[in-house]
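Asker: Below are the chains, spelled out letter by letter.
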Amino acid sequence: MNITVREQGQTIVLPLDVPKIVVTFEADTSAAISYSVLPDVSVDQEISLIFQGDRSSGEFTGVLEATGSSVVKMRLIIAHSGKDTDCLAEMRGVGSGTALIDCRGVIQIQPGATGTDTLYRADFLKDTGTAQVMAIPALEIHESNIVQASHGVSVGHVDYNQVYYMQARGMSPELARATLLNTFLGKTT
Amino acid sequence: MDKTTPKDNAALDALSSYDDRYQEQYGFEDEAAAYEYLSEKGLNPEVIRAISRIKGEPEWMLEKRLKAYEIFLEKPMPAWGGDLSGIDFDNIHYYIRPEKAGNLKATWDEVPDYVKNTFDKLGIPEAERKFLAGVGAQYESEVMYHSLQEELSKQGVIFLSPDEGLKQYPEIFKEYFGTVISARDNKFAALNTAVWSGGSFIYIPKGLKVEMPLQTYFRINTKNAGQFERTLIIADEGSDVHYIEGCSAPIHTTDSLHSAVVEIVVKKGAKVRYTTIQNWSRNVYNLVTKRAVAYENARMEWIDGNLGSKLTMKYPSVYLMGEGAHGEVLSLAFAGSGRVQDTGAKMIHSAPNTTSVITAKSIAKDGGVTTYRGLVRVEPGMTGCRTSVQCDALLLGDDSAGSVSNTYPTMDIREMDTVIEHEAQVSKITDEQLLYLQTRGVDVALARGMIVNGFFEPIIRELPMEYALELNRLVELEMEGSLG
Chain A
25 MNITVREQGQ TIVLPLDVPK IVVTFEADTS AAISYSVLPD VSVDQEISLI
75 FQGDRSSGEF TGVLEATGSS VVKMRLIIAH SGKDTDCLAE MRGVGSGTAL
125 IDCRGVIQIQ PGATGTDTLY RADFLKDTGT AQVMAIPALE IHESNIVQAS
175 HGVSVGHVDY NQVYYMQARG MSPELARATL LNTFLGKTT
Chain B
257 MDKTTPKDNA ALDALSSYDD RYQEQYGFED EAAAYEYLSE KGLNPEVIRA
307 ISRIKGEPEW MLEKRLKAYE IFLEKPMPAW GGDLSGIDFD NIHYYIRPEK
357 AGNLKATWDE VPDYVKNTFD KLGIPEAERK FLAGVGAQYE SEVMYHSLQE
407 ELSKQGVIFL SPDEGLKQYP EIFKEYFGTV ISARDNKFAA LNTAVWSGGS
457 FIYIPKGLKV EMPLQTYFRI NTKNAGQFER TLIIADEGSD VHYIEGCSAP
507 IHTTDSLHSA VVEIVVKKGA KVRYTTIQNW SRNVYNLVTK RAVAYENARM
557 EWIDGNLGSK LTMKYPSVYL MGEGAHGEVL SLAFAGSGRV QDTGAKMIHS
607 APNTTSVITA KSIAKDGGVT TYRGLVRVEP GMTGCRTSVQ CDALLLGDDS
657 AGSVSNTYPT MDIREMDTVI EHEAQVSKIT DEQLLYLQTR GVDVALARGM
707 IVNGFFEPII RELPMEYALE LNRLVELEME GSLG
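Protein sequences appear in the order of chains A and B. For the first sequence, this note's numbering gives the first residue as 25, with consecutive numbering after it. For the second sequence, this note's numbering gives the first residue as 257, with consecutive numbering after it.
In short, the hints are calculated from the structure, not lab data. You may find that some hints are simply not true.
Estimated spans, in silico, between C-beta atoms of each pair [what the hints assert, rightly or not]:
#1 A/Y184 with B/E579: 15 to 23 Å
#2 A/M25 with B/R440: 19 to 27 Å
#3 A/G121 with B/E688: 58 to 66 Å
#4 A/L40 with B/K297: 56 to 64 Å
#5 A/N185 with B/K323: 47 to 55 Å
#6 A/M25 with B/P334: 49 to 57 Å
#7 A/S54 with B/D344: 49 to 57 Å
#8 B/E431 with A/P63: 49 to 57 Å
On the chain B side, residues computed to face chain A include the following (Cβ under 8 Å) [to be verified]:
#9 P332
#10 G658
#11 S659
#12 T663
#13 P665
#14 D668
#15 I669
#16 Q681
#17 I685
#18 D687
#19 Y692
Quick caveat, the model's predicted, so the values are computed rather than measured. Using N, Cα and C, we set each Cβ at its ideal position, and we do this for glycine too.
Please model the complete structure; the sequences and the hints are all you need to start from.
Answerer: Set out below in structure tokens:
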């Protein structure tokens, strides 16, 4: 599936049933892209964001809820070939049950892509000891005249102190955990 | 924008200037070198039998070597990392025994002049006098000098070449040799096990803290040489030691191969710090396997500075096997023109409540390639583990030279009750940073140097002062051209 961003301020919601999606940015365009994997859904997808037009700009927000025995395999490729492009990609995920999250994000900056400013951030929480999270970010930088290229990854668990705090205020442990996880994923209950 | 002085064909000037200065300080070749045994080029069982026979080894070691040779032949070349296609295994001398090797010398006066002169030029005897508890000096395949402060020797510290370790302490040697890194681990570990010669064998007794560092310096002189040293360090319970290795070689037009294996056992409550300042010339392939196992409440620290070589592939690792163990890697890499530094770290959390920190800093300049490649794994059931990985890279020099910076960290987390953090950033020296310093009266060249030194500072501050100065000097050598 190919999507071309041709104007400023586009909003794109990516589907889950397409194994490979390529989003290409033309010059002087911008888009906010959202991607959401719902509970109990297994996916195996590759998403490419290609910033080939000069001064193109993108924001990517991904939410992965891997529950039960679902398997979520997601590969995000952020490729910059135009000049003065920027991208902010943020991914959040929760793994519970015996679910597997395998999330790979790579930033590629091609020669000549001067002035690139790009960040990939992925944070995951594990809600059970049997869930598995593989987080593999990568940077491949072939141009030295850039602003910056960064990635950050964290994998943790629900903070017991926070659960205790909420229990002390009358919440059941289940509700406390659900509230914390939903807040982490940016959802409201 | 940061146009890092492409003036006056800077890239070419820097390259030739670097080689000139390297040649003068580290890359000189000793014409007077004489060899007692120089194996024919290429590897076969006869070469291995000759190494074992000359060293007077027991039968079990010869068998281990021959078995490892079979594994070496079976295993394919790694298809990842740097380009290894230039290594011609048939064009390497696998064992070079300098004249008068054997019977370790305890004073520099007993060392043959040509060897002594080499290490004099590198400043090793002076360093020994000033701030080292023990020194080893390896020339080609053999350790030519070894000393240890008498007091430490009386307290039970063993600091020998592995050959001597095998002769004098065969039981300890056999108990630990190949237990941390087996010949099956990878192709180059198999090669090392087949033809190993030289290195260090260190044992620190229970509860003893060695206040001053131990050091070994490795030197390759011959072209088409292979150096395959083997280092085995055992820190008994509650002990503490800092080991430093340095290395250099002349610049030849044909390639040499350095493929070491370092095994470290850090027992309950012990601490080992292993510092490497790697400064091989640009014709050396540096393919090293380094691994430590850390038991309960032990602490293992790798400080790994890689500035030289044609291609380095090195990923020091710590297997955290006991509760409360801590592993740390501070990695510094500088890849100038034509160099590839493929470095990183591995932390395997195989016990609960273990912690690890990886800090990697790299600079790619004028077409150099730096790659961070790492793995953090938390095994199932290992609760309460924490790990933090921080990778920073700077791209310097001529924008058109094609410098490359890659980061490939892998996090494999199989336990819920863990906290894992990783951050990486690739950037360049910004105009704002330069302007800030310039407005305070610092010229551009000095400002760049200050920023680079500041970038490496978290690692350099962990070194003994003399080595910090040496490392600063090496960075300066690499920076030359862009600074002027």
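Asker: State for each hint whether it applies.
Answerer: To see whether the hints hold, each was checked on the structure:
1. Between A/Y184 and B/E579, the C-beta spacing of about 19 Å keeps the proposed range 15 to 23 Å intact.
2. Remark: the range hint 19 to 27 Å for A/M25 to B/R440 is contradicted by a beta-carbon distance near 45 Å.
3. For A/G121 and B/E688, the hinted distance range of 58 to 66 Å is not satisfied, since their beta carbons lie about 49 Å from each other.
4. Restraint check, A/L40 to B/K297: a C-beta distance of roughly 59 Å satisfies the suggested window 56 to 64 Å.
5. Judged by the Cβ atoms, the range 47 to 55 Å given for A/N185 and B/K323 holds: they are separated by roughly 53 Å.
6. Checked against the hint of 49 to 57 Å, the pair A/M25 and B/P334 fails, with Cβ atoms roughly 36 Å apart.
7. For A/S54 paired with B/D344, a C-beta distance near 53 Å keeps the hint of 49 to 57 Å intact.
8. Against the hinted window of 49 to 57 Å, the Cβ-Cβ separation of B/E431 and A/P63 comes to about 53 Å, which satisfies the hint.
9. The beta carbon of B/P332 comes no nearer than 23 Å to any beta carbon in chain A, farther than 8 Å, and the hint placing it at the interface is violated.
10. Evaluation of the B/G658 hint against chain A yields a held restraint, the C-beta minimum of about 7 Å falling below 8 Å.
11. The interface hint given for B/S659 is met, as the beta carbon of that residue sits about 5 Å from the closest beta carbon of chain A, less than 8 Å.
12. For the restraint placing B/T663 at the interface with chain A, the shortest Cβ-Cβ distance is roughly 4 Å, inside the 8 Å limit, so the hint holds.
13. Given hint, B/P665 at the interface with chain A, holds; its Cβ is 6 Å from that chain's nearest Cβ, closer than 8 Å.
14. The criterion of a C-beta within 8 Å of any C-beta in chain A is met by B/D668, whose closest approach is roughly 6 Å, and the hint holds.
15. The interface hint given for B/I669 is met, as the beta carbon of that residue sits about 5 Å from the closest beta carbon of chain A, less than 8 Å.
16. The criterion of a C-beta within 8 Å of any C-beta in chain A is met by B/Q681, whose closest approach is roughly 4 Å, and the hint holds.
17. Interface hint status for B/I685: violated, as the beta-carbon distance to the closest one in chain A is roughly 10 Å, over 8 Å.
18. The restraint placing B/D687 at the interface with chain A is violated, with a minimum CB-CB distance near 11 Å, outside the 8 Å limit.
19. About 17 Å separates the beta-carbon of B/Y692 from the nearest beta-carbon of chain A, more than 8 Å, and the hint is not met.
This entry does not satisfy hints 2, 3, 6, 9, 17, 18 and 19, going by the numbered hints stated previously.
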